[in-house]
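Enquirer: Taken in sequence, the protein lines are chains A and B.
So the first sequence is residues 4 to 286, counted in my numbering.
So the second sequence is residues 25 to 363, counted in my numbering.
Please keep in mind that the hints were generated in silico from the structure rather than gathered at the bench.
Here a beta-carbon is modelled for each residue, glycine too, at the ideal position from N, C-alpha and C.
Treat the hints with care, since some could be wrong.
What follows is a set of in silico ranges between Cβ atoms, one per label pair, in the way DEER data are often shown [unchecked claim]:
(1) Leu105/A / Asp224/B: 33 to 41 Å
(2) Arg134/B / Lys100/A: 26 to 34 Å
(3) Lys100/A / Lys212/B: 56 to 64 Å
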Amino acid sequence: MTQGRKLLGHIALLVPPFGWLGVFYLGSLSVLLLSAFWQVDAMSGEIVRDWTLDNFRILFSDTTYSIIARRTTGIALLVTVTDIILAWPLAWVIARKVGPRLKLTLLVLVALPLWSSMLARIYAWRLILGHDGVLNWGLRLVGLPDQNVAFTNIALWIVFSYLWLPFMLMPMVAALERIPASLLDAAGDQGATPWQVFRTVVFPLAIPGMAAGSVFTFAVTQGDYVAPMLVGGAGSEFIGNVVYSNVGVSGNVPFAAAFSLVLLGMVAAYMLLARRFGAFDAQ
Amino acid sequence: MTDLSPTPAVRLHGLTKSYGRGATVLRGIDLEIAQGEFFTLLGPSGSGKTTTLRLIGGFELPDTGQIHLGEADVTTLPPYRRNVNTMFQDYALFPHMTLLDNVAYGMKVRGVARAERMERARAALDMVHLAAVADRKPTQLSGGQRQRVALARALVNKPALILLDEPLGALDLKLRREMQVELKRIQKQTGITFVYVTHDQEEALSMSDRIAVFSEGVIEQVGTPADLYERPASAFVARFIGSSSILHENGRDILLRPEDVRLEAPDYTPAPHERSMAGTIAEVSYLGPVTRVTLCGPDEQDGVTAIVPSRHARGWRERMAVVAVWPEEAAYPLPHRQG
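The following block holds chain A by itself, in its conformation from the complex:
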């Protein structure tokens, strides 16, 4: 009797969150999944609910799309590697070299930009990289030739690296903080030079932190379409931009859904890989 009522209580508690998840997340996801196999009538622009693989056939045969997919993945990868390199020294200092007060100050400084709008920060980079921007102004000052960085893939690489650096830094700080000081002592005690200590002990133990950070730098970069729109050039389209224009401009929702699904698959594959490297093992 009481057992049964307890069970009913549990079910009552679980219904709202699962209902929410089911309707809003899984529901829209399954509509996405379904519509990827529909088509748009070329004449009327109406959605035709006939099962077809045509969307995917176009995606995998037209080289335009494979170039865009490779660009998206390539820049995401480059951003990840850049952020790992940029985050290392700072994460090491914050995690192990400063007192608690300076540590807090540095962490707040790292997080500070996140309190302003992402759009504002991307526009700021347009002012820096633009033809008459801060970069060229500085170059002219020291007598170097102008650089045309704005609206190129290089601009995209810089802006993405900037945007996601805090998200790489934080998990790396956490991972480095967790390494007991005695392990570093022990490695030195065994005869390892400081560089060997880094290579054989510190770096391997920081891999989960780097994997967790790469979920942002890699997966989120892959899904972005705002930065390519604002600082990218003619040849900087991401998968997200193709999806955006197919929904907003040409009204081809099924094709957009199909490309989204490909992106979803790529991100899911990456998440599984990151999990293997301990990205989600909070301890």
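Model the placement of chain B on the given structure of chain A, informed by the hints.
Expert: Using the frame of chain A, we list chain B on its own:
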């Protein structure tokens, strides 16, 4: 004239060390540790024994003073350039490596060929009876097993010196006793000089060839376990090693060990070679084989503790009047403090 005594394994001269805002940890440490000795640094926490060990290992640098290992002055050398290995308090095993790789680590970073280092690592694990689980990770082991891996890792490089920083602290009593015997056996077998840090005086007495007693950044006394127990240099050493009563007679401190004291009825007449003190029983603690009885003297200042076989102590109750009796030669006058 040639000096026939071999060079000491470790020679510390005038070591001082302080941290941050004037927190002085070491106030001048001079010490020589002989080759092949099992030498213990004993003292309460904060007395400077662990800092001394860390200075010998090279994990910290002294403010002043020199450290010699054998002939070489290593005062400012980093740990990886000293022929010393350490067994850390928390074992400090690398969690991402197997036991075999943990033990082979030192040989790997110093470029010993793979076949040789694996063979030697396996032999070292065999020595601590863990060869069967060589391919496991440290997290899959019990505390006692991890501790033995740490020992194997310290031994495998055949260093001139092994430093042990309270290595048995985290083990339960039974395992502790077993490991004390095991450590002693391995030290004898290998002939490597051991420098052992502990705050457990019983452990220090049972394992060490010699002991240095630390208090507030200085060494109070260096000697064999018997030296320290029977001829302590100060009241601090007397109190820290074993239990003791200290009596004040004519301005001198007299040490009395409780096992030398027996209790008699108030009408007892001491023999000529005996000394005695009348008092009342303040406390009776039954400890199994023995019972500890604490006595209050007449002036309520001096107290005497007696440890007597329990079967002789059945009659004693608190607040009873008794006489504490001890042979004259059992009372040891402590040396006067200098300065």
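Enquirer: Hint by hint, note whether the structure agrees.
Expert: Hint check:
no., hint, result
1, Leu105/A / Asp224/B: 33 to 41 Å, "38 Å, holds"
2, Arg134/B / Lys100/A: 26 to 34 Å, "27 Å, holds"
3, Lys100/A / Lys212/B: 56 to 64 Å, "43 Å, violated"
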